[in-house]
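Single-letter residue listing:
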Amino acid sequence: TQLLEQSPQFLSIQEGENLTVYCNSSSVFSSLQWYRQEPGEGPVLLVTVVTGGEVKKLKRLTFQFGDARKDSSLHITAAQTGDTGLYLCAGRLQGAQKLVFGQGTRLTINP
Amino acid sequence: NAGVTQTPKFRILKIGQSMTLQCTQDMNHNYMYWYRQDPGMGLKLIYYSVGAGITDKGEVPNGYNVSRSTTEDFPLRLELAAPSQTSVYFCASSYAGQSTYEQYFGPGTRLTVT
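Top line first, the protein sequences correspond to chains A and B. Residue 56 in the working numbering sits at position 56 of the first sequence; the count goes up by one each step and never skips. With the second sequence counted from 1, adding 111 to any position gets you the working numbering.
Derived EDC-like pairs: lysine to aspartate or glutamate, alpha-carbon spacing no greater than 16 Å straight-line:
| no. | chain 1 | residue 1 | chain 2 | residue 2 |
| --- | --- | --- | --- | --- |
| 1 | B | K120 | A | E41 |
| 2 | B | K155 | A | E5 |
| 3 | A | K70 | A | E54 |
| 4 | B | K125 | B | E190 |
| 5 | A | K98 | B | D167 |
| 6 | A | K57 | A | D83 |
| 7 | A | K98 | B | E170 |
If you are wondering where the hints come from, they were derived from the structure by calculation, not from laboratory data. Small disclaimer: the values here were computed from a predicted structure and weren't measured.
Construct the complete structure from the given sequences, taking the supplied hints into account.
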């Protein structure tokens, strides 16, 4: 079983549309991160959220950490073809020295 | 800075062969990690290290070994390669002073075992 469940696993939309990706768990995390991975490359960190209810914005991307620190969402406004990639959420459990990764959401933005 | 570097980029092994995947970081990070990523999937932790001389198992350690003799290097050894080890392997590092353990990844090694 996956400690962090991402949904949807696959998403294909048209350029200009909005979308939301979810990362859910029954466990409480000290912090949660979102990474983007492009084909043939390693994941690259987008953002870290640490406080329940925290919202961070990165241009057209909005990240939110749930109030109970068990879930997170990534919202993209007016998606562009350059947003295409695999989006991974990763959380750190209290006291852990490593991250737990979700299975990823593969996003395709069509022109 | 080069960040995290991995060699080789690609490798084909026959069943039963052995090899070492190299990983080096130049950011003076204490923590280093090895993950595997199967097609269409997320990352599974193989082994990690919190400093030179200290290593620990992750979720999927069977069939692999690691060592950490220096801060910079964290090689992953595959003994008796099996088709189930066909995957993309990523090395990552993070700074112990950050409580969030944000990770920096290398470009990966694509391994095929036939």
